[in-house]
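Quick note, the sequences are listed as chains A and B, same order.
Just so you know, our numbering puts 319 at position 313 of the first sequence, and the rest follows in order with no gaps.
Just so you know, our numbering puts 288 at position 197 of the second sequence, and the rest follows in order with no gaps.
By construction, these hints were calculated from the structure, which means they are not laboratory data.
Label pairs and their computed distance ranges (CB to CB):
#1 B:P470 / A:V483: 47 to 53 Å
#2 B:L390 / A:W422: 43 to 49 Å
#3 B:I508 / A:S420: 38 to 44 Å
#4 B:P470 / A:D462: 35 to 41 Å
#5 B:Y153 / A:G120: 56 to 62 Å
#6 A:L21 / B:D575: 28 to 34 Å
#7 A:L35 / B:I379: 48 to 54 Å
Positions of the beta carbon are idealized from the N, C-alpha and C atoms, including for glycine.
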Amino acid sequence: MNDLIQGSNSLILTLITFVPVAGALVIALMPRKDGAIKWTALITSLLTFALSLHLPSHWTSGARGFQFAVDAQWISSPNIHYHLGVDGISVWLVILTTFLTPFCVLVSWKSVHGALKEFFVLMLILETAMTGVFVSLDLFLFYVFWEATLIPMALMIGMYGHERRIYAAVKFFLYTMVASVFMLAAIIWFYVQTGSFDYVTIQNAIQSGSIAGFNRAAEFLFFGFFIAFAVKVPLFPFHTWLPDAHVEAPTAGSVLLAGVLLKMGTYGLLRFNATLFPAQAHEHALWINILALIGIVYGALVALVQPNMKKLVAYSSVSHLGFCVLGIFTFTQMGVDGAVYQMLNHGISTGALFMLLGMLYERRHTYEIKEYGGLATPMPVYATLFLMITLSSVGLPLLNGFVGEFLILSGAFSAWKWYGIIGTTGVIWSAGYLLWLYQRTFYGEIKQPVNALLRDADGRERISLIPMVAMALIMGVASPLWIRMIDPSVQQSLRPTSVNAASATKTSTQVVAMSKSAK
Amino acid sequence: MTPNPDLSYVRILPELVLSVWGIIVMVIEPLLPARGSHKSLGVFSFIGTLVAMAASFYQANYPGWGWFNMIRVDEFSVFFHVLICAISAIVILASFEYLDTQQIRGGEYYALILFGTVGMVLMSSAVELVLIFIALEISSISTYILAGFRRRAATSAESSIKYFLLGSFATAFFLYGVALMFGATGSTSIYTISNALQSGQVTVSGSPAAVSYGLAYVAVALMFVGIGFKVASAPFHIWTPDVYEGAPAPVVALMSTGPKAAAFAVLLRILFGAALDTGKSWFWLVWISAALSMTLGNLGALLQNNVKRMLAYSSIAHAGYLLVAFAARGDIGIAAAIFYTASYAAMNVGAFAVVSHFSRSGERYVNMEDYSGLGKRSPVLAATLSIFLLSLLGLPATGGFFAKFYVFNAAIKSDLIWLTVIGLINSAIASYYYLRVIVVMYMYEPQEGEQKLQLHAAPGLTAALVITAVITIWLGVKPGNVLDYANRGALRLLPSVQQSSKLSR
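Could you put together the complete structure from these sequences and hints?
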């Protein structure tokens, strides 16, 4: 029995990562029968989600390092390993990915125009790539998955988006591609110096100071990673691709973009910049946090004046992701915990907001706020669900957003009071633009007669929205369930020097041996 | 080292096979009915290249020298033999339907491809400068003619003449370099030259004399000009876009990979095999050419609307990436360059195979807008072209990525930080124009009137596409075997590389 659990534990991450792509393959070979394709996609994504629940249910609490690890040689020269594993931070991001994908399938049930088959193939490939980013512990593998997210997402925007979709798709691709080239250079540097792509090996080698020339190069390496992640987050002033991509993307694309792809940036900042380069990260924290604060306030102010709902939510993402970056670069336990929690919250609430907007768009084919008004009368259920999600995004106590923002801001205050003071204004702004959006859309007179006839949320839409609202509520009241697993891993990231000496020396000798053999 | 007559023949077996096959094609072509003979001749030539490939594998069991030390069979030459035969085989496969739609006579076409292949194969195994020159001419003259094969099109004639005039000029440079090298070292054999340059002593008509290093430097530079033209590296690249635009698409597939691979093999032999001690001088030559090729190639490609011209500029850029490996330290750089050649050949032949099939009669459809909606009209063609373009762009899990990776890895190991930075920035620029084709194929609606244009899956082309796509992905997922072989080839090339520390900068 123990063997069985052991076996399934080492297999589970591989399964979670590659079941979606297997589903994509099945769909690609199926005849073009829309119903069968949709159900296959839904079943595949639900199966993946069910598999991912294995992770928290078999979690070994208190264990150091990465769990469910699997490490096998992929290519011998260069020395690339198939090394997967999750800690308390990445495990939740994996589950966020697998949780959101079935809903993306559901919201695309009727809204996809054009090649349905290709759409679901792309979506499932994207799921594999996103999961791969969070579970990879080999830098090379990480880079492969990182780049692999680009093409399905760009194609999803470009093939199924709205009017300016091609511009948005190319902009998205170029921004992220160009930025990640610098990360590749940093990764190659590590390989040349250590003869390994392994995250754990490199981390230990840095801590034991056994990498030649690291101190001289650290600054450049830090920026190599930082640029790639800052563009992805997106941190002000690298954010200009995001509103375009969001506005033009189909609903499912927006949900995955906001829900998961942006988190790859913050995850990378935490996993690489803050953990591998603590000295450089502390040194540059001030201006990074200033950029994050500018992002919070600027994103909120721009969101306030948007006439287009989707653009409003897109700018709100810039603002909310600013909180995550701020939390990470306070280097306080609370701030980083909050940042990780806020990544999950943002995935749920902004994902749900995009789903809601998509449903409205299916009915009226416009995102202009002035086209709506008084929708609460014809669409009461929809309006209620929208309100819950809005409040979760605003950060109302008892809902999930509050927990994350509270932790981040407490961390920010203890780091430097001005971080906290300016950051707090972001909460007020977000209440402003979101509630104003709600008021203009749902309250008041029905100005356009066509709006009086709009259908309320139907069964499929309710099925896809109610779990999101439920999650927002559960994560608001039962946050310890999550924090309990996040906390120890954050602690390790913040104090990486406390890796026990025995293992550090062991691995550093390995590094020396490896670098010798590589030469 | 004693020339054994039997083994000498084994050591030129692929060349013999290809020559005989080419002659047979020429002889039987008039005997066959004019219509419908393309196919059978094509299949026959295809078999010829496969037999030549098998001969190369067989040859690998008998490494050594042949023909008075003018030929050397080792892992290095076998690697290039197999590569070049494979390129020709796939080009022939991709030409089956193309010749029909373009109404080109098959006999001379296939025979010239086979003869050209003889030259290319010989280039990679020759270790004597005059023989290299002869091989270079054999391959060049075939390609000059092939470039003009669309007789009715003025652009094709222009392409042929341009290629011929500039090409002859460039080979003259090479020959001049050979002459000067002979003057400097008293020999045209690469290994004698290598010894002479290392010891600084030569024996001229029985009496010892000093090597003239100045003359040797000039000789290497002149030979570099000649080869630089063949591989289309800047600043000797001006001819490329015009020639590629006019020449028949399958010929471009051959031209942009086969002679290039052979020319890079020659360059590797000359720079690393012979001119070891002049390393310091040619380092900057290669460095500047690499930086220029990458930058000019990519910037030029950005502006193109014709897909063939775009790929022409992209091939200039790829020559630049390859030269980065030349600038790197010998032991790692050579292997990276060899791997790059193989991986570049797979993706580029594939890309041109798609272009050739899609261009239709008279090569009408070669502009960017003609590709709009290809994703809907022909999913297979669009999907394979996307794989090749993504590989050219260097996305992970494709051969193009590992090729770039090894090159830049070698460059960083050799402390060529600036060249690496230039290369990486260039790859980022390149993503724009490769992506543009994919965007046009998948995101634009098909043009009016072309919706109905059916693209039949032709058997020859489909086979060529499947083979190249599989190789491209295989090199991106399991590059180990090819890299191992490239490493062994690199060591063979430089028996002295471990001792010679002068090369490593």
